[in-house]
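Letter by letter, the chains look like this.
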Amino acid sequence: MESVGSIIAYVVIALSIIIFSVLAVTTRKILRAATYLLFALFATAAIYFSLDYEFLGAVQIAVYAGGIVVLFVFSILLTSHPGDNSARLASKKRVSGLIAAIAMLLVSGYVLISRCIGVAEPAMQSIDMQKVGATLMGTGHGEYLLPFEAISVLLLACIIGGIVVARKR
Amino acid sequence: MDYSQFLAMKQEIGLLIVFLLVFLYDTFMPKKALNGTSVFTCVVFAIYTALCFCCCMTDTWATTFSGMYATSPAIAAIKNILNVGALIVLIQSCKWANSDEQVVRRGEFYELLLATLFGMYLMISARHFLLFVIGLESASLPLAAMVAFNKNRYESHEASIKYLLTAVFSSAVFMMGLSFVYALAGSLYYTDIYCAISTQPSAMLVLALAFVLAGMGFKLSLVPFHLWTADVYQGAPTVVTSYLSVISKGSAAFALLVMMVQAFGLVYSQVWEWMLYALIILTITVGNLFAMRQRNMKRFLAFSSVSQAGYIMLGIIAMNATGMASLMYYILVYVFSNLAAFGVISAIENNCGKVDMDDYNGLYRTNPRLSVAMMLAMFSLAGIPPFAGFFSKFFIFTGAIQQGSTAIYVLVLIALINTIISLYYYLLVVKAMFINTENGCVIAPFKSACSERLGLWISVAGILLLGIVSCFYNSLLELCQTYGIF
Amino acid sequence: MFSNILIYFVLIPLLMLAGLGISRNVKQIRAVAVVGSTALIALSVYLLVDYLGQRAAGNEAEMLYTGSWSWFTPLNINLSVGVDGISIAMLILSSFILFTGSFASWKIDQPKEFFLWLILLSTGVYGFFISIDIFTMFMFYEVALIPMYLLIGVWGSGKKNYSAMKLTLMLMGGSAFLMLGLIGIYYHSAPAGQPLTWNLLEIAHNNAISTGWQHFLFPMTFVGFGVLGAMFPFHTWSPDGHASAPTAVSMLHAGVLMKLGGYGCFRVSMYLMPEAANDLAWIFLILTGISVVYGAFSACVQTDLKYINAYSSVSHCGLVLFAILMINTTAMTGAIMQMLSHGLMTALFFALIGMIYGRTHTRDIHEMGGMMQILPYLSVCYVIAGFASLGLPGLSGFVAEMTIFVGSFEQGMIDYLGGAGSLRLVFTIIACCSIVITAVYILRVVGKLLLGPVHDDHHRQLTDATWWERLSTATLIICVAAIGCFPNFFEQLIRFTFNPEFFRALAANVPVLN
Amino acid sequence: MESTMPVLILAIPLFTFLLLGLLGKFMQRGMAGVIGTSAMGITLVLSYITAFTYFFSGNPLFISAGGDRLQAVIFNTVWLQFTPDQIDAAGQIVKHGLAIKLGFLLDSISAMMLVVITTISFMVHLYSNGYMRDHHGVCEKGFQRFFAYLSLFSFSMLGLVVATNIFQMYIFWELVGASSYLLIGFYYTKPSAVSASKKAFIVTRFADLGFLIGILILSYYTGTFNFTELTSVPVEGLNDVYAVSAGTAEHIRSIFADSKAPLFMGASVMTWALVLIFMGGMGKSAMMPLHIWLPDAMEGPTPVSALIHAATMVVAGVYLVARLFPLFLMQTSALDIVTVVGAVTALYAAMVACAQIDIKRVLAFSTISQIAFMMVSLGVTRIAHTDALGHEVHEGLGYMASMFHLFTHAMFKALLFLGAGALIHAIGSNDYTAMHGLRKYMPVTHWTFLIGCLAIAGIIPFAGFFSKDEILTACFGHSTVWAIWMTLVAGLTAFYMFRLYFLIFWWKEHKVHGEHVPHDQPWTMTLPLIILAAISCVAGFVPFGNLVTWNGHPITGAGFFTNLDNLNWNVAVISLCVAIIGILVAMKMYRKENPLPEKMRSALPRLWDWCHHRFYWDELYMFITHKIIFDRVCKPIAWFDRHVIDGTMDSFATMTNRLSVAIKGLQSGRIQNYVWVYLLGALVLAVVTMLCVL
Amino acid sequence: MEKTMLCYLIPSLIMFCCGVYGFITRKNMIAILISLELMLNSVDINFVVFNRFLFPGSMEGMFFTLFAIAIAAAETALAIAIIINVFRSVKNVDVEEVSKMKF
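Protein sequence lines correspond, in order, to chains A, B, C, D and E. Taken in order, the first sequence gives residues 1 to 169; the numbers are from the working numbering. Taken in order, the second sequence gives residues 1 to 486; the numbers are from the working numbering. Taken in order, the third sequence gives residues 1 to 514; the numbers are from the working numbering. Taken in order, the fourth sequence gives residues 1 to 694; the numbers are from the working numbering. Taken in order, the fifth sequence gives residues 1 to 103; the numbers are from the working numbering.
Extracted from the complex, chain A is given alone in its bound form (with noise of 0.2 Å):
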């Protein structure tokens, strides 16, 4: 049995998740859509906390929230008029949203009811950051050393690719 306290914060967690994802989609004022999304991403980044992973959440802040909403806020600037709503949808398009999304819903739902019902959480000793360091650095089974290296030559590749992009010739 669970502590109330946690099972609140479980429930707000969830429930923020669901809510925001939601309007995230279907807002019609995009800038808010990127607020939903910052929300969202807050939202999991809790859920990494409420399990134990508070390295992950933390870089789940920084990275998702701190960078990419950023990104995503200054891009909607630059392409969009603030204040602009969005048209309403066609009910066609709406329809076969909702088509793919129900349908991804069930049969994933499915699987995963089938699968995985009443697994509980299990106990986990916290991961300390000097063992997250040296997995990532680590060339044994479990250990990200190539990752890490490989990661890194897709990033530059990135990077050279969205400034050949975003240059203006």
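No lab work stands behind these hints: they were computed from the structure. Heads up, some of the hints might be wrong.
To give an idea of the interface, some chain D residues facing chain E are shown, with a C-beta separation under 8 Å as derived from the structure [as the list claims (entries may be wrong)]:
(1) Phe-26
(2) Gln-667
(3) Ser-668
(4) Gly-669
(5) Ile-671
(6) Val-675
(7) Leu-679
Cβ atoms here follow ideal geometry from the backbone N, Cα and C, with glycine treated the same way.
Please build the complex by placing chains B, C, D and E on the supplied structure of chain A, with the hints as guidance.
For chains B, C, D and E alone, kept in the frame of chain A given last:
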């Protein structure tokens, strides 16, 4: 922590060195010397390719980083094949990259190309899904930038945004699938997954595999995950299109093979065999049906490459050494054939901007060599002997049938019947060039650039020789038979 | 490798291709074509003589001049060659038709390209006939098919685009089935544990294809080859294709290429899968039996000369397959004879039609008439071709048809009396009826086209055959007459192939007469 | 006997054909005639020598010690081996395989035919040298071609009669058909000639289909094509290889006798085989209902009609039945069919002949009728028995009579045709309406023609009398009904021939138009007439009963007047009376211009119409071939092919195209649609797989 | 009440589905990108949850998420660059506008 393990990754390191050299050259050389960037890149890359052929083929297989990365002669071979293809693309791109419009981005183009090639290497060698995803993203994200290279053309922008958005979407779906795999196996190492997945399939496994296949299907343009293909191929600069269509596709095919065999090999007949059946049939058929109607050459080749991907998949479904060797061989041949076709298209586009099939009417009258090259490419793609395409197609069918079930016969029969449709549209191109001469010729005679000709000569030589000279296929098959995939 | 004579059948065409590549004017091109095709004739005749010599010396091997060079070793694909009487007959046929075809296209547009394609086509044909490895066989088969597209598309007439595409696609459709069948055969070519093989002879000796698989693979290969052999209902490429093709291409196509179908059916389908052949023959007997009569009836009402001849080819080639399906030595011998005979006379027909068309620019028999007065040489040749076609003794058609009928009837009676049904008998008699119908349409054409008063006065200015046309047609006529007058030579050449082993599978259910 | 001479008999005409055919246009036209005629002359001499040797040399090859005439295979080479010989371990041939051989079989009928063919052929060659020129003596266009064709025909016909096996016969059978086609269509610019030749070929081809199937059945059961084996007559060959293998004859006999062969539609298969073979004969010999080609065949040059369509080729059917006669004897139901067909044809043709205007057509129908006589004669032949009147009948008298009539008929019918040719050449028309009263202008023609008419009418002592008398005797020996029937036909024969004679040479005076006066033709044309007339006078005395019988066993003596001695005078008197009545009626009606014929015609209009229109057989055939086969079979099939079969093939393409257009909306260009399809595709794939797998 | 794994997975799934819905329905490309972020984020949650609940002893899921965040950042950066590029070309960011190439 043994950092010397990096040394096992000879080809990756070599490629990174090339990347760095180009990067440094482009960044620090004086303005005058920059005109030589193209030549420099081609030469360095050629040297690197040659070195790979000399050194890496003899390696026995190695697994490093506790099984996260693996290489073997077969893998070295497929990387070499990709190198050759990339080299041809590089050579063919010289004219385009040195055009007034592109010259400011020339260095970046090469860097991005090499970076994506590096990503493909990772996809092939990865034995861990994280590494794989990184490879996958490195192979696709910079490509989106490359697609957008023709800044003055609207199509280029449309193509890049389509490519990027669908790519990200598909990687989201793919990772969703991976998360299910992780839930089932508790690990992302291929070997662990292989052991952990029970032969009794669960709904989650099916969904996971469906998502994984969807993600890979995006790279490979399998129907129904192919819809971006035509638009992007059409909009992208021709060089990038050719790169997308052969190198990117070839690497993904092999990576998929490795993944399916190594991670999901045990549930072959329970789960993904049937999924692949469906995908192959759909891919070949729909690709063909769309290709029939196309008038834009690039779009046409896009759909042709969709259906070709279906044939490539036959090599995976075979699940044996013949199939694997045939798949590699198919990719090899496909590289040469498709690059020959794109070489002609880009030569013509660079010279007079025509990309419509109708513009090719009477090409033989004005530019006989180009049209012969194009014809050879078409015949090879259609699988007409004595050109290489015939052999690759025959062997891939042979490999598939070795699997032996009745269903595979039906599948191959459907594939074979589809070759009729594909022959039809390939012949349409031949017809335009050789037969339709009534209304005069649209394209005036011209002399294509040295680089284009060199690229075409290499491709044509490949088309003519790869099949008849049996050592290519023989060595691949021996490689696969001896070492297997792993 | 080069010590094997058979290799030169492929090498010479390849050299011709090279020669064409470097030749600069029409004269050189013609020279290459004539020299090369003459060399091929010489080679095939030499082969024939030497072959007979070896046989006379008591060499009883199934195939002579065998040679095998490994190619795709891990897949057991070898470049295996070897010939027996049938192949030699076909090689000779091809050589003569190539020779005459070269002359028939003396004045063609874009000669270099034309001959390049033509020679490529014949490379495929030769390769096909010398191969005994079913992979190489198939490869050469497809090599022979595709040049047709351009030959018809570029040099053809009428609705050439449609016809060329239709022909190519239908034939490729056939080869799709074929490819599946061949790969299937490969995987059942040897008993478990022994290495698989593509080699015809080894597969036949291994006899490892189970009956169940045979029932699947036999129709595949038979239909595959049958499409090229113009088997009903897959014959419809033939009328359009022939009608649109240029002269030499029609000659080569009807004369040689369609024989690939019959030869393949015989060599692959029947030879490797006799049990299934025996069990499933009835289906194809019905189809081919229909072909025979149906083609003939259709030919009766056509007005385009090439259509008439194309339908007559459907009928005659139908007879080839029909006879092969009889699984009777005599009938099969007849089938091969019919291939030879039909090849020559149909080539002659198409050559003549091309020559007439080149002069009158029409092929509609209602728009011509009285050609005998204007073009006596060509007309006489046409009559001779017609006689050969309707089976006049002394020309090749007769011996072939009679051999077939005798053999088929014999098999039909054996079946009938042995309680195996009367299908063969009934269809033999139906097929016999074709000799009447053939006479009807041949004489109809002869009467309308050649005899009677001159229909169009503009035609009176036409000139008769030139020397190259005379050479081409005369060669063919001599061949037709040679077969017709000395059939036993060819019959014996062919017959040795049918060794008893070939019929091993059939021994069980064939009651022995008397 | 050496084989040189027989080979030459065949080779010379063939060589002449090739020479004239290939090189004819490089030589003068007249030269071709000379070459052709002299070559035929040589052949004639050789044939005579051969025949003489056969009949009179006493060579044991040809005549047995008991006086029976034998079949001799002079040479026989394998032309086409169908099934290999069966060889036992010791290398001995156990059983001969089926093979077509080309050879030379000499026996009484082939020797006789050699004589007939070469004689008529030579006459015709000679005659043609005059006939094929215009009035100024300039050779017609195609003169060389004409002689080439004649040589080809002679070669084929000779090959046919000396055939050692039924397949050789079939081969030459086809060849004579082809030469007939070429010769009928000789004037190829004339549409009527072209269609006549086509008709002739196709009708006979149709008959040959039956022949072929008959051969197939026969050879399947007997295992051989060889006449010597089939007819079980002992043979003394030059070479043992060609001799009958032991037991074959017994085997064949047992097949026929013991009904070893199965029944088919109530009759023995062997009967069917023989009837089918006879069908071939019906076609060539223009028996009803396959007779329709022969009257039209008169479009050919008249010498050709004389040679092919009167004397030689058309009797091939009779010859065929005679050749296989021992087999027919074992299946008498087949013989009955021969009889019925012959008798009906005889009457039919005689009736039609009475109502024709074109003189060649009259002769054509008379030919049909006479050949029908021969057929009937063969059909009524049985072995030793007593006739209806209680008389002992000679063994195989009908057979002998038939051959006899064949011989005599060839002579006098050729004579009549050549005479008609002379008339036509002189007048330039085929109709008797353009002639009348020519006796003064063309005396030689007149007299020879009269001899021919008398011969055919059966007036003693002309040739026709004897042969026809034997036929009627044989008929009486078999069945009185047929005998009376045939006697009536004989009377009708006399009537129509003399109707023709009188209408040509009497009726009224000839009107001379301009300077063109009809006159007798040059010697090349009259000489053959005279020779043939002479033969017609004396041929009746040839002792056929001694020379030609079904089993070689002579039934009469050898002397010159034996024929007179052996006459059955009862029959002879009846037939003579009938013939004379016929002649008198004809004389009454046609000697002078009078209204009687017109009256009779109007009295029986229907009969006249039917006879004149040959009982509308042609119309019937036209209806069947054009309206039914062409319009209702061929055209629908062609339509079916183009629209259904080809349409199906095309529809694969069209459907693919339609499908391709139909699904193009998938590629809408909108990213969101793409993604939608992507996701749903993945989900459907997953769900379907789940449903299947789990 | 106990917080089982599903309690986390279902919101995550809903987030994913919202992303799908948004991707398919939004017109503004940036909004589409936002939807994509939601989807990627949902995947991250999945990994973490699976790791936490099923395999608490290892850190693979967590690290995957870590790298996935980096990748998502790179993607977004590039995507925004491209969208801006498109904006320059067609003067708006309406996704319906970029559908000229079709069929």
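Of the hints given before, which are not true for this structure? Violated hint: only 1; rest satisfied.
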